[in-house]
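Undergrad: Below are the chains, spelled out letter by letter.
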Amino acid sequence: MRIEKHPVLPDRPAGKKVDIFVDGRKVEAYEGEPIAAALWAAGIKKFRYTRKEKQPRGYFCGLGRCTDCVMTVDGVANVRTCITPVKGGMVVQTQKGLGIWKKRQMSW
Amino acid sequence: MDSRVTKLPSESEVIVIGGGIFGCSIAYHLAKKGKETILLEKRNICSGASGRNGGQVIQLEGREKEPANIKKRLALTRENNIILKTLSRELKIDLEYRRTGSLDIAFTKEEWKELEYVVKIQEKAGDREIALLTKEETLRLCPLLTQEIKGARYRPSDGTINPFFYTRGLAENFVKHKGEIFTWTEVKKILRKNGKVCGIETTTGQRIRAEKVVNVTNAWSSFLIPEIDILPLRQTAVVTEPAAPLPVCPVEAFIKGEAIYANIQSERGNLIAGGLDSFRLSRQRQYEERIFLEEVRGNAKIFSCLYPSLKDLSIIRAWAGTMALGPDFAPVVGKVPESEGLYMAAGFYNGMAYAAIVGELMSEMIISDRTPSLLECFDPAKYYRRKFVWPKTYNCTSLAEFFARK
Amino acid sequence: MSGKRLKKRPVVIIDCPEEIPCNPCETVCSQGAIIIGQPITNLPVTDEAKCTGCGRCIPVCPGLAISLLHYDYSPSEASLTVPYEFLPLPKKGQEVFVVDEKGRYLGKGNIIRVIPPEKNNRTSLVTFSFSKKLYKKVKYFVLKRENLIDETRKYEPGKK
Amino acid sequence: MEKKANVLVIGAGPAGLCAGIETGKSGAKVIVIDENTRPGGQLFKQIHRFFGSEQHHAGVRGFEIGEMLLHKCKEAGVEMMLSSVVWGLSPEFRAGVVREGKRSMTITADKVILATGASENSLMFPGWTLPGVMGAGAAQTMMNIHRVLPGKRALMIGSGNVGLIVSYQLLQAGCEVKAVVEILPRVGGYKVHANKIARLGVDILISHTVLEVRGRERVEEAIVGRGDRNLRPIPGTERTISVDLVCLAVGLTPLSELAWLAGCKFGYFPLLGGFVPLHNRGMETTVSGMYIAGDASGIEEASTAMEEGRLAGVGALESLAFISAAEADSRRKEIEQNLLMLRKGPYGDFRHKEKEKIYSEWKKVKEKAGGYH
Numbered sequence: 001m002r003i004e005k006h007p008v009l010p011d012r013p014a015g016k017k018v019d020i021f022v023d024g025r026k027v028e029a030y031e032g033e034p035i036a037a038a039l040w041a042a043g044i045k046k047f048r049y050t051r052k053e054k055q056p057r058g059y060f061c062g063l064g065r066c067t068d069c070v071m072t073v074d075g076v077a078n079v080r081t082c083i084t085p086v087k088g089g090m091v092v093q094t095q096k097g098l099g100i101w102k103k104r105q106m107s108w
Numbered sequence: 001m002d003s004r005v006t007k008l009p010s011e012s013e014v015i016v017i018g019g020g021i022f023g024c025s026i027a028y029h030l031a032k033k034g035k036e037t038i039l040l041e042k043r044n045i046c047s048g049a050s051g052r053n054g055g056q057v058i059q060l061e062g063r064e065k066e067p068a069n070i071k072k073r074l075a076l077t078r079e080n081n082i083i084l085k086t087l088s089r090e091l092k093i094d095l096e097y098r099r100t101g102s103l104d105i106a107f108t109k110e111e112w113k114e115l116e117y118v119v120k121i122q123e124k125a126g127d128r129e130i131a132l133l134t135k136e137e138t139l140r141l142c143p144l145l146t147q148e149i150k151g152a153r154y155r156p157s158d159g160t161i162n163p164f165f166y167t168r169g170l171a172e173n174f175v176k177h178k179g180e181i182f183t184w185t186e187v188k189k190i191l192r193k194n195g196k197v198c199g200i201e202t203t204t205g206q207r208i209r210a211e212k213v214v215n216v217t218n219a220w221s222s223f224l225i226p227e228i229d230i231l232p233l234r235q236t237a238v239v240t241e242p243a244a245p246l247p248v249c250p251v252e253a254f255i256k257g258e259a260i261y262a263n264i265q266s267e268r269g270n271l272i273a274g275g276l277d278s279f280r281l282s283r284q285r286q287y288e289e290r291i292f293l294e295e296v297r298g299n300a301k302i303f304s305c306l307y308p309s310l311k312d313l314s315i316i317r318a319w320a321g322t323m324a325l326g327p328d329f330a331p332v333v334g335k336v337p338e339s340e341g342l343y344m345a346a347g348f349y350n351g352m353a354y355a356a357i358v359g360e361l362m363s364e365m366i367i368s369d370r371t372p373s374l375l376e377c378f379d380p381a382k383y384y385r386r387k388f389v390w391p392k393t394y395n396c397t398s399l400a401e402f403f404a405r406k
Numbered sequence: 001m002s003g004k005r006l007k008k009r010p011v012v013i014i015d016c017p018e019e020i021p022c023n024p025c026e027t028v029c030s031q032g033a034i035i036i037g038q039p040i041t042n043l044p045v046t047d048e049a050k051c052t053g054c055g056r057c058i059p060v061c062p063g064l065a066i067s068l069l070h071y072d073y074s075p076s077e078a079s080l081t082v083p084y085e086f087l088p089l090p091k092k093g094q095e096v097f098v099v100d101e102k103g104r105y106l107g108k109g110n111i112i113r114v115i116p117p118e119k120n121n122r123t124s125l126v127t128f129s130f131s132k133k134l135y136k137k138v139k140y141f142v143l144k145r146e147n148l149i150d151e152t153r154k155y156e157p158g159k160k
Numbered sequence: 001m002e003k004k005a006n007v008l009v010i011g012a013g014p015a016g017l018c019a020g021i022e023t024g025k026s027g028a029k030v031i032v033i034d035e036n037t038r039p040g041g042q043l044f045k046q047i048h049r050f051f052g053s054e055q056h057h058a059g060v061r062g063f064e065i066g067e068m069l070l071h072k073c074k075e076a077g078v079e080m081m082l083s084s085v086v087w088g089l090s091p092e093f094r095a096g097v098v099r100e101g102k103r104s105m106t107i108t109a110d111k112v113i114l115a116t117g118a119s120e121n122s123l124m125f126p127g128w129t130l131p132g133v134m135g136a137g138a139a140q141t142m143m144n145i146h147r148v149l150p151g152k153r154a155l156m157i158g159s160g161n162v163g164l165i166v167s168y169q170l171l172q173a174g175c176e177v178k179a180v181v182e183i184l185p186r187v188g189g190y191k192v193h194a195n196k197i198a199r200l201g202v203d204i205l206i207s208h209t210v211l212e213v214r215g216r217e218r219v220e221e222a223i224v225g226r227g228d229r230n231l232r233p234i235p236g237t238e239r240t241i242s243v244d245l246v247c248l249a250v251g252l253t254p255l256s257e258l259a260w261l262a263g264c265k266f267g268y269f270p271l272l273g274g275f276v277p278l279h280n281r282g283m284e285t286t287v288s289g290m291y292i293a294g295d296a297s298g299i300e301e302a303s304t305a306m307e308e309g310r311l312a313g314v315g316a317l318e319s320l321a322f323i324s325a326a327e328a329d330s331r332r333k334e335i336e337q338n339l340l341m342l343r344k345g346p347y348g349d350f351r352h353k354e355k356e357k358i359y360s361e362w363k364k365v366k367e368k369a370g371g372y373h
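These protein sequence lines are chains X, D, Z and W, in that order.
In case it helps, this note's numbering puts the first sequence at residues 1 to 108.
In case it helps, this note's numbering puts the second sequence at residues 1 to 406.
In case it helps, this note's numbering puts the third sequence at residues 1 to 160.
In case it helps, this note's numbering puts the fourth sequence at residues 1 to 373.
Please keep in mind that the hints were generated in silico from the structure rather than gathered at the bench.
Heads up, a few of these hints could be off.
[Unchecked claim] In silico DMTMM-like cross-links for lysine to aspartate or glutamate, where the CA-CA straight-line distance does not exceed 25 Å: (1) D:Lys-35 with D:Asp-369; (2) D:Lys-85 with X:Glu-53; (3) W:Lys-368 with D:Glu-137; (4) W:Lys-4 with W:Glu-54; (5) W:Lys-191 with Z:Glu-77; (6) D:Lys-33 with D:Glu-288; (7) X:Lys-102 with D:Glu-288; (8) W:Lys-353 with Z:Glu-77; (9) W:Lys-29 with W:Asp-110; (10) W:Lys-74 with W:Glu-334; (11) D:Lys-113 with D:Glu-90; (12) X:Lys-52 with D:Glu-90; (13) X:Lys-46 with W:Glu-334; (14) X:Lys-102 with D:Glu-137; (15) Z:Lys-50 with Z:Glu-26; (16) W:Lys-265 with D:Glu-241; (17) Z:Lys-92 with Z:Glu-19; (18) W:Lys-368 with W:Asp-349; (19) W:Lys-344 with Z:Asp-100; (20) Z:Lys-119 with W:Asp-228; (21) X:Lys-46 with D:Glu-338; (22) D:Lys-301 with W:Glu-2; (23) W:Lys-102 with D:Glu-36; (24) X:Lys-102 with D:Asp-369; (25) D:Lys-188 with D:Glu-340; (26) W:Lys-29 with W:Glu-327; (27) D:Lys-189 with D:Glu-137; (28) X:Lys-96 with D:Glu-241; (29) X:Lys-16 with W:Glu-54; (30) Z:Lys-91 with X:Asp-11.
Let the hints inform the model, and build the full structure from the sequences given.
TA: Structure (structure tokens):
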């Protein structure tokens with residue numbers, strides 16, 4: 001859920017609305033916000049399943065340190081969604097284990 | 001486990017000094033055979049070279065050309081490989097032992113020729129599984145490697161293991177067999193009297209009586225047994241962020257004259273690579289565990305040379321560790337002359353391929369007082385009180401040149 | 001605080017029990033009615049005689065620990081002005097629930113005045129009235145019944 | 001690529017920005033570098049008013065202080081390098097930097113000021129990995145920076161100032177805070193912060209701890225229980241609270257890896273967050289010419305971080321002869337006065353004492369000298 005009005009903070013700077021695709025589902029996001037924020041706003045909290053125990057993981061440190069929030073983004077596995085900005089048309093997938101190798105095409 | 005809260009005993013049948021992979025392995029086998037054993041460690045379990053390597057299990061490292069050496073090493077590592085197969089079950093911990101095979105890569109025509117020669121000799125000396133792969137064959141096996149390679153030497157039964165789980169598994173099972181571990185307990189000297197070992201003294205002045213003492217401190221061996229010169233050698237490594245499972249296996253390669261010992265992918269997905277030592281350091285500074293900026297950069301550069309498509313993986317940690325070499329580049333294992341009850345094991349360039357079998361054989365030796373035939377060729381007596389003139393400063397590459405000239 | 005003084009005009013109440021290095025309330029008071037001095041960890045002392053009840057110290061307190069009590073708001077009611085940093089803002093005349101320091105329900109009250117957030121860098125000042133009898137206990141107000149706490153709502157019954 | 005500077009400040013939080021301003025306005029060529037896309041460190045998620053006196057911007061909200069500092073940085077001619085990770089630092093003051101995850105470069109500086117801040121501690125209990133359990137700071141980032149509500153019903157673990165302030169901010173953002181649990185028998189943070197949330201009906205459960213968090217693939221409920229004098233849970237006191245967010249506010253640890261890399265000597269000061277690079281009154285570490293400021297030099301708060309940043313800046317300026325010794329002394333005196341003020345009272349005295357211990361440990365190490373660097 002997004003915080004539209006806040007008692008203290010000024011209104012959110014109007015960002016460009018874009019669509020990203022999460023496990024095939026269209027999700028509305030603001031360009032430049034972290035992928036994790038866009039997913040959380042859409043009520044998606046499970047980002048990946050662990051390799052051994054297949055346990056769900058989500059957003060944890062918010063700083064790019066803990067790597068709990070990694071997902072497969074545009075085919076590239078292990079992308080830290082809490083510090084990777086949204087770009088329109090991104091394809092985001094819940095990651096299972098360590099994901100599947102694909103040569104990196106993105107830069108961050 | 002912490003000596004700051006636990007009182008040291010005044011006596012034990014056997015004292016093992018050093019909580020690395022070899023110390024834990026020897027201690028575990030002793031305790032399993034019913035010997036009253038304690039293990040003393042200066043810092044924490046697995047804090048030296050055992051916890052600072054890539055976990056590669058390579059049975060015949062380097063480009064060994066001496067048939068006698070090849071034979072004696074292979075005899076040990078083959079036995080070790082057999083033990084590793086069932087060790088996870090025995091220790092009740094998944095050691096993440098995987099037989100991925102290993103490659104030694106040639107980048108130039110000269111190197112390719114050298115490999116051809118090495119493989120021929122090694123085959124002759126009894127290495128039946130070793131194979132020479134062409135460029136195409138190598139790339140089919142490991143498609144992420146650079147196209148610049150000329151070919152590789154391949155041994156299918158090499159692989160990787162998690163060195164932390166390996167050491168911890170041995171340590172925990174040692175404790176299960178009534179062994180006791182005292183960490184943060186530094187041994188100052190081994191007490192000897194009339195040609196016999198009688199115990200140890202810690203840096204805090206406490207003494208523990210024992211008739212048998214095993215010095216397994218590897219790079220630090222010569223501080224306790226100065227009669228045998230074990231040479232410390234510093235190496236560096238880096239680890240990347242996790243990647244999806246990749247078709248990689250341990251690699252040995254000399255790129256642009258600089259060594260990269262191996263790279264492996266951990267179960268967690270991180271790639272570990274290293275071996276570069278850019279500085280020649282004095283013997284004293286070989287113990288430096290801090291890493292220099294240029295070394296991280298150098299490791300990263302070599303890594304991306306080897307795997308161009310992985311160059312965007314971030315390095316998340318880097319470290320240096322000190323391993324050790326015996327005077328002939330060979331391990332030194334067995335009874336120390338003129339000191340009854342004193343044993344040592346040091347100088348394994350590639351310890352993961354030896355630790356299990358050496359632990360078993362050493363425990364036999366300590367209990368029966370007979371040297372097992374497999375260990376005879378590593379007898380410390382060869383080097384006893386021999387003086388060696390090492391270069392003032394050195395690194396792995398310069399040391400290899402030094403040995404080649406000798 | 002003397003009862004007599006309370007009856008004269010509104011007066012600030014500072015609930016600042018710890019020695020925190022902080023003194024904006026002293027700085028902002030043009031009457032010199034709040035004294036901290038040196039070191040600035042001293043607890044604030046209010047000079048009731050000097051306090052005019054202007055309320056300028058309320059929004060500057062980082063601890064939101066200052067309120068303004070008017071005992072004689074009306075013959076039967078007292079009023080309290082508190083800082084308010086939530087949405088939605090209450091409206092004048094709205095009925096509210098007055099609570100004590102732990103958020104426990106004391107009674108009903110009415111919003112008398114709302115100084116909107118823009119005036120004081122996003123801290124609103126809300127004045128509400130309530131029965132005089134409660135003047136010692138009332139600390140704050142809540143807008144909705146479901147925001148009131150009581151023992152049955154605080155915890156769902158244990159599942160095990 | 002190579003770059004040179006008189007002063008390299010690592011970290012653009014309150015300490016780093018103040019160090020940059022102090023050195024920049026006196027004419028030094030300063031680079032302030034930060035791994036984030038925006039400067040300000042944690043200031044921009046601090047939407048509450050700060051304590052202190054007027055010169056500490058008391059009564060001003062954290063993000064406004066951030067804006068102010070950025071403006072001053074610009075005025076002082078500070079070069080800001082963002083999205084740039086310093087991955088290594090040599091004792092010769094060469095920093096390895098990767099910009100935007102790609103371009104690699106080296107920055108060589110005459111003096112280095114480390115202002116790398118701190119990271120949140122974690123707490124392990126059954127269920128701590130479920131989606132919906134997160135650091136209090138992470139929740140704060142999500143709601144105050146990205147404007148996304150981290151949860152609808154929250155449980156806060158820890159009643160230090162971070163726990164209390166984030167609880168209040170969760171309420172402001174529209175989240176219901178079910179309870180704050182604190183294992184110690186007293187509230188850790190300022191009483192005024194506790195009062196702010198208590199009167200809104202938030203229960204502060206002292207001598208309580210979280211025992212377990214449960215849920216099917218996300219947080220659905222938390223089980224809390226009373227703890228005894230030895231901080232062990234008392235059986236039979238468990239209760240279940242229905243929440244979808246559990247925030248961990250259990251302290252911070254200084255981020256000082258770069259100081260370690262550069263060869264600084266450390267000491268253990270648990271009251272300041274753990275291992276801390278030793279430094280003197282002027283914030284110089286055991287490596288001459290390398291300074292440290294803010295949470296990286298021991299966990300305190302933003303106001304002290306800002307003063308420490310200035311102090312480090314003054315030291316760098318003096319040793320580079322941008323200002324005279326007399327000028328440096330007078331600036332130092334003023335800053336030290338401010339710091340003394342900030343380190344008073346029940347929440348300040350212990351920090352003052354710990355800092356004094358750090359200074360004296362630094363002295364001991366320096367006197368012994370030797371060592372390898």
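Undergrad: Any hints from earlier that this structure breaks? Give me their numbers in increasing order, please.
TA: 3, 4, 5, 6, 7, 8, 11, 13, 16, 17, 18, 19, 20, 21, 23, 24, 27 and 29
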